[in-house]
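Going down the list, the sequences are from chains A, B, C, D and E.
In terms of the working numbering, the numbers along the first sequence are unbroken and rise by one, the last being 360.
In terms of the working numbering, the numbers along the second sequence are unbroken and rise by one, the last being 1179.
In terms of the working numbering, the numbers along the third sequence are unbroken and rise by one, the last being 2180.
In terms of the working numbering, the numbers along the fourth sequence are unbroken and rise by one, the last being 3316.
In terms of the working numbering, the numbers along the fifth sequence are unbroken and rise by one, the last being 4147.
Incorrect hints may appear among the rest.
27 angstroms max Cα-Cα, derived DSS-like pairs, lysine-lysine [said to hold, decoys possible]: (1) Lys229/A x Lys1046/B; (2) Lys4141/E x Lys4083/E; (3) Lys4069/E x Lys4047/E; (4) Lys3074/D x Lys4083/E; (5) Lys197/A x Lys2014/C; (6) Lys4006/E x Lys4069/E; (7) Lys4047/E x Lys4083/E; (8) Lys2014/C x Lys176/A; (9) Lys205/A x Lys1159/B; (10) Lys340/A x Lys205/A; (11) Lys4011/E x Lys4141/E; (12) Lys4069/E x Lys4011/E; (13) Lys2030/C x Lys277/A; (14) Lys2124/C x Lys173/A; (15) Lys4134/E x Lys2030/C; (16) Lys173/A x Lys2006/C; (17) Lys2030/C x Lys173/A; (18) Lys4047/E x Lys4134/E; (19) Lys1046/B x Lys1011/B; (20) Lys188/A x Lys340/A; (21) Lys188/A x Lys2030/C; (22) Lys176/A x Lys205/A; (23) Lys1011/B x Lys229/A; (24) Lys4069/E x Lys2014/C; (25) Lys4140/E x Lys4083/E; (26) Lys188/A x Lys3074/D; (27) Lys4134/E x Lys4011/E; (28) Lys176/A x Lys188/A; (29) Lys1159/B x Lys4069/E; (30) Lys4006/E x Lys3074/D; (31) Lys4011/E x Lys4047/E; (32) Lys2124/C x Lys176/A; (33) Lys188/A x Lys31/A; (34) Lys2006/C x Lys340/A; (35) Lys197/A x Lys340/A; (36) Lys188/A x Lys2014/C; (37) Lys197/A x Lys176/A; (38) Lys197/A x Lys3299/D; (39) Lys277/A x Lys173/A.
Everything labelled a hint here was simulated from the structure, so no lab data went into it.
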Amino acid sequence: MATYSIPVGPLHVALEEPMYFRVDIEGETVKGLEISAGHVHRGMESLALQRNYFQNITLTERLCSLCSNSHPCTYCMAVENLAGIDIPERARYLRVMADEIKRLASNLFNVGIMAHTIGFNSLFMHVMEVRELAQDIKEGVYGNRMDLAANCIGGVKYDIDDEIESFLRTQLKELKRPMDELYRTYEKDPLVTARTKGIGILPEKDAIRLGVVGPVARGSGIAYDIRDKAPYSAYDQLSFTVQTETEADVRSRALVRLREAIDAISLMEQCLDRMPKGPTVPDCLPDIPPGQSVARSEAPRGELIYYLKSDGTDRPQRLKWRVPTYMNWEALHIMMNNCKISDIPLIINSIDPCISCTER
Amino acid sequence: MTPTTSDSPFKAILPYRDVIHTTDSNGNHFGWVDLPSPEALQITGKRLAEYGARLCTITAFNKKKFAQDGDMQMVYNFDLDGAVLTVSIPVTPHDRRVPSLVDYFANADWHEREFAELFEIELTGRDAPKRLFLDPKIDTGVFNRLVPLSSMMNGASTKQLWETIFAETSMPDWAKEAK
Amino acid sequence: MLPFLKILVRNIIKGPATEAFPFGETYTPKRLRGRAELDPSRCLTCGICSHVCAGGAIAMTESADGRGMEFRLWHNTCTFCGLCEHYCPANAITMTNDWHLSHEQSEKYTCCEVQFVEYPVCEKCGERMLPRLHQRLSKGLVGSVSTAEIMRICPDCRRLTSAMHQIKSKVSLTAGRSNS
Amino acid sequence: MVNDYIHAGIAMLIFPGGLFALATGLLFKGMDRIAVARLQRRVGPPMLQPVFDIIKLSTKEILVPESANETVFKLAPMMGLMGSLVCAALVPIAGVWNGIPGAGDIFVLLYLFSLPALSFILGGSSSSSPFGAIGFSREMVIMFAYEIPLLATLLAVAVRADWQLSLDGIIAYQTANGPFLLDPIMIPAFLAYLMFIPGTMGIGLFDIPEAEEEVIEGPVLEYSGPLLALFNLMSAVKLMVVLNLGVALFFPLLLPGGIWVNLPFHLVKCLALMLVAVSLFRASTGRLRIDQAFNFFLKYPSSLAYVSLLGAYLLR
Amino acid sequence: MHKYLKRFVHKSPWLYRINAGSCNGCDVELATTALIPRYDVERLGCKYCGSPRHADIVLISGPLTTRVKERVLRVYEEIPRPKITVAVGICPISGGVFRDSYSIEGPMDRYIPIDVNVPGCPPRPQAIMEGILKACEIWKKRIVEVA
C-alpha cells in the first residue's frame, strides 16, 4: 500500500494549540511521525530577564493557563529558596489549595477533551459541566477562571474567610458524587474502553529511558510524584496516595488523572480542616541576593522545575524552567508506532500536551 | 538552614567531588557541584546514569548578563530519587564545545537542541542537532544577540502604543477645569 | 453505554442548566478581578503599581503645569492579576468586578482608566506639594521602604526607591541555593 | 402517460419530494438539535436554526481550492441533493401518497440511496485535500459496511410481505396483515434498520468520515457558502428519506380518516423514529474507529437482519 | 425577497478559532463558552466549525508569534467573506505581557483587521459571548450596507 503523509496542525481543531505533526500514513496506519515545534515560542525566557522579580510572577503565570498556578508558585519557591524566605504556615496550606483546584480542573479538562476527540460530545459536556463547579470555586475565591494570581513572593495574595470557607465546602461536597460517577463512566463505559484500551502503549522500560514525568509516567507504573518524593508547601502534612496504573495505555493515563482529581478534593478539604490562623504574606518586600536556586513542584502534568540565577539586581540573571510536557513529547514516537489515524489525536491528548508550556 | 556535610546523599555518587549540600525549609536535599571543564561532564554524567539519576533540565546563560559572546555557564539538574543535584560547567568563548549526554540520558536530546539553537553551543558526540523551536528566519544564538537588542529596543512597540493612547484619551473634565 | 445512559436520563429530568445570559442577568462573584479603578483621592503617586505591572498597563506622567500626576491604565494590556492592588500601600487601586469590557475596534485606545491625581496646595504659600502620606496611608506600606523616607522624597525618587530597594545584595547560604 | 410524468414531476419538485422534503427535513434537523441539546442539559438553538444556516450560507462567497477540479467540485453537492430528492419522491407515505407507479422498487431505491454518499466521495476526492481523501476512503468503507445489513433488511421485509418488491405493495401487505413492527420475526430486522440509520447519516458511533477532530470534517472540509448549503440540504432530505422508508417498511399503520389525519400521523411516527435512532444515538455515543465500525456492521446489524430473513423465509 | 432574508443572516454565526500562539487560557475559555451547557451559544445559532471555510466569526487569541504568523494569515485568507474578527484576550489586542519579545509580531491589527476587542486574561465566557453579540451586530450592519 502506498505511503503518504498528512499534516496534523498547526491549526487543527483537535489541538487546542498550534503544534505541527507530519504523519506518514499507510492506509489508515501510522508509519512515521515528525514533531515540529515552535509555533508558540514567545521568547519568554528572555522576557523574564527583562522583567523584575514582581513582574515575573505574572509573566510566569501566563506561560500556560492550564497549569497557571504551578508556574508562579514554583517561581516564587525558587525566589524564596534563594532569598531564604520562610513563608507563613497559613500560606503553605493556601498554596496547596490553589495547586489542587487547578489540578482538578486541568485533569478534568484533559479527560473531557479525550471524550471530545472520540466524538462523545455528551460526555465531554458532562465533564465540563462538572468542571464548572471547580471553575466557580476559582472565580469566587481567586477572581478568575483560569489565572488564579494566588501567589506572591513570600506567600499568597488571597485569604479565606468564613463566608468563602462555607462556599468552598459546599462546592467540594457537591463535586464528590459526580466525580465518582465520572470515574465509573471512564472505567466501565464500553465505548470509551473500546477506543482507549490498549492504545498508545508506553512500556515502563521506555518511560524510564525517556524520563517521562507526571500521569504519563504514573500510567506506566512509575510511582514518582514530587508531592511525595520532595514535598513542598504543606504536602508533607497532608495525606494522599501516589496513583499508578500498569497498563500504560491511553486509558490508564486518563484513570490516573481522574483519581488524582478525586484526591484533589480530599486534599482541599484537609487544608480547610488543618489550616492555622495567621498572616498569609510577610510584611516586607524581599531582598534577593546573588546566587542560584532550584525549586520543583508537581504540576497537573508532572514535575516542574525552575532554575534561578541571580546577580543581585532586581531582575534575574537567568530564569529557566522545564515543564512536564517537555519531557513527554518524545514518548509519542513510541506510543504512536503502528496506531490508526483515528488514534492520533487521542494519543496526543493522552500526554496532556501543553504546547505553550513546552515552547515558552 | 545551613549547609551540611555529613549524611549527604550525594557523597556516595560523587565521592571525589566537593558537593555542597543544602536543604530547603521542607527538608528536601539539594546538591551543588562546579566542574572545572566541559570534559569532566562526561565522566560525571556516566556515573550519574549508572546510579539511576534522571536528567531534569539543562540551562545555559552568560556569566555576565547581556554580555555578548562572553564566558558562559551551563547548568545540569539531575533528580536522584527526590534530591536535586546541580552540576555546573564553564564554557569559554574560544571553545563552545560541550559533550553531549544523549548516550546516557535519552531525554537530553530536546534540551541540547534547544540550547544549541539559542546559544550557538556545539555538541560533541552526537549528530548536529536539528532546530527545535526557532523559526528558520531567526538566527541561532538568538539569546546572546537578540536579548541585548530587544532590551535596547524594549518598549519600542509599547511606547508606540502608549503614544496612541496619550493622543486619544484625555483627562477627565474636572481635572482640566480645576485651576 | 449503560453508566452514561443514566446520566442522560437524569439530564432530561433535571432540565437545561443553561444560564439566562445573554438574554438575562448572570451572576458575578464579588471577588472577580475585573476592570481596575483608581481612587485619585487616595493615591500617593508612589508608582509601585506600575513597577509590579507585568503588562506595562500603567503610565503615570506629571502634568505639564505641575498640578499633579496623570494616571492612565490601559485595560487592553492589563492582565487583571491584581498585583497593583496587592502592593498599593494606600488601597488606591482596586479591582472591581466589572467585566463588561468588550468594545469595538474604534474604541481600542480609549478603553482606559484615566485619573488625575491632583497635588494638594500648600495652605501657606499656595505651591503644589506631594499628597500627604499620613492622610492617605491605609494599610501600611508593603515592604521595608520606611515611611519617613517616602515622605521626604519626590515621586520619581519614590519609584526608584521602591524599585531599587530589593536589589541590595546580601550574601548568605541558605535554603536550596548556593552562591557562585 | 403524460399524466404520469406530471405526477412524477410534482412528486420530485413539490410533494413528497422537493419542497415538502426540504421543509420537513430542515424542521426535523432543528428538532433533532433541540432534542440533543435537552439530553445534554442545554436549551438548544431555535427550531428554525437549520433554515437560518441555509440562508446565511447562501450569502457567503464560494471558495474553490486551487488544486481542485472545479466542475466536479461544484457538481458533486448538486448531484447529491438531486439524488436524495429523487429518493424522497419514490418512498410512499401510507395513506397519503402511493409513490410513482412502477418506480418504488426497493432495489432501485438501494441504488439511488448511494448517490448522496457518492457525492460526498466525489466532493472529497475532487478537493484534493489529504483530509478529504481520508474522509472519502472512510465514506466508501462505511458505505460498503452498511449496505450489507440494509440489503438483508430490505430482503427480509420483501420476503415477509409475500415477495413484494415494490414499496406500495409492502405497505399494502402490512395494512392488511398488521405492521411488521409488531411481528416478532421482523423485530431483529427493525433493530438492524435502527442501526443502519446512524450509519448512513454519519452520526454517533459512525461519525467517522466527517470526524471533526480527526479529519476536520473530511469531504466537506473545503466547501463553503452555497455549496455547503447544498450538502446541508442533501443531508436534511436524506434524513427524511431514511425516516420515511423506516416507517414504510415497518410501521405503515393507518388511522381512519383522510390525508389530513394520516400525514401528521406519519410525521409523528417519523419524529419518534428520529428521536430514537438519531437524537438519542447521537447524544449517547462517541465514534468508533473505522475498522471497529466495519466489524460492527458485519457482526450485529447483519446477523440481526439475517435472522429476520431466515425467519421470514422459513415461515413463508 | 433576498433583502428580506438577509435580515436573518446574523442568526447563524459560525465560529472559528485561531490560536496565534496564546497561553491557551483564552482557548480553553472559548471551548468552554462554545461547547458547554451552561453557556450554550447554540442558542444564538452559533456553531463551532473545524474548517475555516465554514466560518463567519473568527475568534483570534494569542500574541501572534513569528513562527505562526504565515499560517495565521493563510488560514485567515481561507475564510469566505464577509467575515468578522474578534480579538479574544489582551494578547491579540496589544501583545499583553509578551509584547516586545524577539519572537512576537503582534499586535494583531497590524496584519488582520479586527472588529471587536474582548480584553481579559482570559475573559470570562460571558464576556466572550458579549463580544460575539457585538460582532453579530457589526455583521448585520455590514450585510445591510452591502445589499
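Which of the listed hints are broken here? 5, 6, 9, 12, 14, 21, 22, 24, 26, 32, 33, 34
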